[in-house]
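Protein sequences, first through last, are from chains A and B. For the first sequence, the residue numbers in my numbering are 1 to 187. For the second sequence, the residue numbers in my numbering are 1 to 187.
Keep in mind that the hints are not guaranteed to be accurate.
Claimed, not checked - For lysine-lysine, the following DSS-like pairs were computed, each having C-alpha atoms within a straight-line distance of at most 25 Å:
(1) B:66 to B:136
(2) B:66 to B:117
(3) B:103 to B:87
(4) A:87 to B:136
(5) B:66 to A:136
(6) B:97 to B:33
(7) B:87 to A:136
(8) A:136 to B:136
(9) A:66 to B:136
(10) B:117 to A:117
(11) A:97 to A:27
(12) B:159 to B:187
(13) B:66 to B:97
For the record, the hints were derived by calculation from the structure and aren't laboratory data. Please read all numbers here as calculations on a predicted model, not as lab measurements.
Protein chains: 2
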Amino acid sequence: MEQIRAYFNNFLPLTDNEWEDFSSCFKKETYAKKEYLVRAGESCDFIAFIAEGVYRFYYLQEGEEKVTAFFFPGDFVTNYRSFLTGKPSEHFIETLKPSVIYKIHRQDLNLLYDRHKNIERLGRYIAENLYLTVAKRLDSFLHDNPENRNQELLNRNSKLLQEVPQYMLASYLGIKPETLSRIRARK
Amino acid sequence: MEQIRAYFNNFLPLTDNEWEDFSSCFKKETYAKKEYLVRAGESCDFIAFIAEGVYRFYYLQEGEEKVTAFFFPGDFVTNYRSFLTGKPSEHFIETLKPSVIYKIHRQDLNLLYDRHKNIERLGRYIAENLYLTVAKRLDSFLHDNPENRNQELLNRNSKLLQEVPQYMLASYLGIKPETLSRIRARK
Chain A
1 MEQIRAYFNN FLPLTDNEWE DFSSCFKKET YAKKEYLVRA GESCDFIAFI
51 AEGVYRFYYL QEGEEKVTAF FFPGDFVTNY RSFLTGKPSE HFIETLKPSV
101 IYKIHRQDLN LLYDRHKNIE RLGRYIAENL YLTVAKRLDS FLHDNPENRN
151 QELLNRNSKL LQEVPQYMLA SYLGIKPETL SRIRARK
Chain B
1 MEQIRAYFNN FLPLTDNEWE DFSSCFKKET YAKKEYLVRA GESCDFIAFI
51 AEGVYRFYYL QEGEEKVTAF FFPGDFVTNY RSFLTGKPSE HFIETLKPSV
101 IYKIHRQDLN LLYDRHKNIE RLGRYIAENL YLTVAKRLDS FLHDNPENRN
151 QELLNRNSKL LQEVPQYMLA SYLGIKPETL SRIRARK
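Produce the entire structure from the sequences given, and follow the hints as far as they go.
Right, dumping it as structure tokens:
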């Protein structure tokens, strides 16, 4: 739980009282490898902090898996669109390794927003930050070549990335597995 | 100004007191056609509500203009990334018609956040909403064909869109002007 507090402190330090109320809303859960946190068609009414494990986002297009994101320890994982709108997720969120996460539900978070102006502000900072993340991803899709996108992913967590199957990485980069092997060999 | 209040009311109704403080921070400005609200390299420290006019976002890639967005009356326009981070904009924001806008600066908005919990919450709602907008655009780039993207743009404001030069629309859709003419002829 101290990891979560440290994460929030990057945005806005909370008082002990605020943190006590906040942290009591997080529930610990464990998942085995290849379990689903969310399936396509389900609504996602929580945000989860990853203490251990690796997750991937993917959707199915004509039966083919299209990987759109990876999440590592220290990241928050959710289908934020589904979380905000209540609409069903179009993505699967799946564990690639055994995982430990801390979940907070929408309803609890909204009550925290009502009770604490600082947590309301934290919610704004996090929404603004997620905006920047997705805007950067849009830019990366529009402008970056697969080499740059591969490097960016390696910068995030090159150790855990070694355990991700190559075909999933290639799908994320929008290239064939053979092309990814060539990129890696060149380094 | 009542247009702005109506826009905010979609998210969260403000009291007269909150609105009085908020609205006093907006400054009216007028622009001629082909003027710049923001140039690439400049930091964007404001958000502007469009009362009249049409704006486009574009950046230069090897001397070529790449159009990434259009904004119409009733929209807010800003380089939100630059607004949030203080970093220089990579985009130009240019008027395509004479325009009337209402600007609010970052500094004033932050003071409003401090003074009113409801405006702090409104800021979160708007950040969440902008997240959804940019996530939808990312999806549209990844999955939609130019026909769908053209239709989506027409749905937003087909009347004012008629005044936008065809080559800018084609750039936004990521296709050649000739291809856009063919799509339009088919309808």
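Can you confirm whether the C-alpha distance between residue 66 of chain B and residue 117 of chain B stays at or below 25 Å? Roughly 39 Å between the alpha carbons, so the hint for residue 66 of chain B and residue 117 of chain B is violated.
Would the pair residue 66 of chain B and residue 136 of chain B pass a check requiring their Cα atoms to be no farther apart than 25 Å? Holds: residue 66 of chain B and residue 136 of chain B sit about 19 Å apart, inside 25 Å.
Sort out whether residue 87 of chain B lies within 25 Å of residue 103 of chain B, counting only the CA atoms. 19 Å, holds
With the threshold set at 25 Å, check whether the alpha-carbon distance from residue 66 of chain A to residue 136 of chain B stays at or below it. 17 Å, holds
Is the straight-line distance between the alpha-carbon of residue 159 of chain B and that of residue 187 of chain B 25 Å or less? Distance of about 17 Å is within 25 Å: holds.
Between the alpha carbons of residue 117 of chain B and residue 117 of chain A, is the straight-line distance 25 Å or under? 6 Å, holds
Pair hint outcome, residue 66 of chain B versus residue 136 of chain A [Cα-Cα no greater than 25 Å]: 17 Å, holds
Within a Cα-Cα threshold of 25 Å, do residue 97 of chain B and residue 33 of chain B meet the stated pairing? With Cα atoms ~4 Å apart, residue 97 of chain B and residue 33 of chain B stay inside 25 Å; holds.
Going straight from one Cα to the other, do residue 87 of chain A and residue 136 of chain B come out at no more than 25 Å? Distance ~14 Å between residue 87 of chain A and residue 136 of chain B Cα, so the pair holds.
With a cut-off of 25 Å on the C-alpha distance, tell me whether residue 87 of chain B and residue 136 of chain A pass. At roughly 14 Å apart (the allowed maximum being 25 Å), residue 136 of chain A and residue 87 of chain B satisfy the hint.
Take the C-alpha atoms of residue 66 of chain B and residue 97 of chain B, compute the straight-line distance between them, and say whether it is at most 25 Å. OK: residue 66 of chain B and residue 97 of chain B at ~19 Å, within 25 Å.
Pair hint outcome, residue 97 of chain A versus residue 27 of chain A [Cα-Cα no greater than 25 Å]: Holds. Residue 97 of chain A to residue 27 of chain A sits at ~20 Å (cutoff 25 Å).
When each numbered hint is compared with the structure, a violation occurs for hint 2 only.
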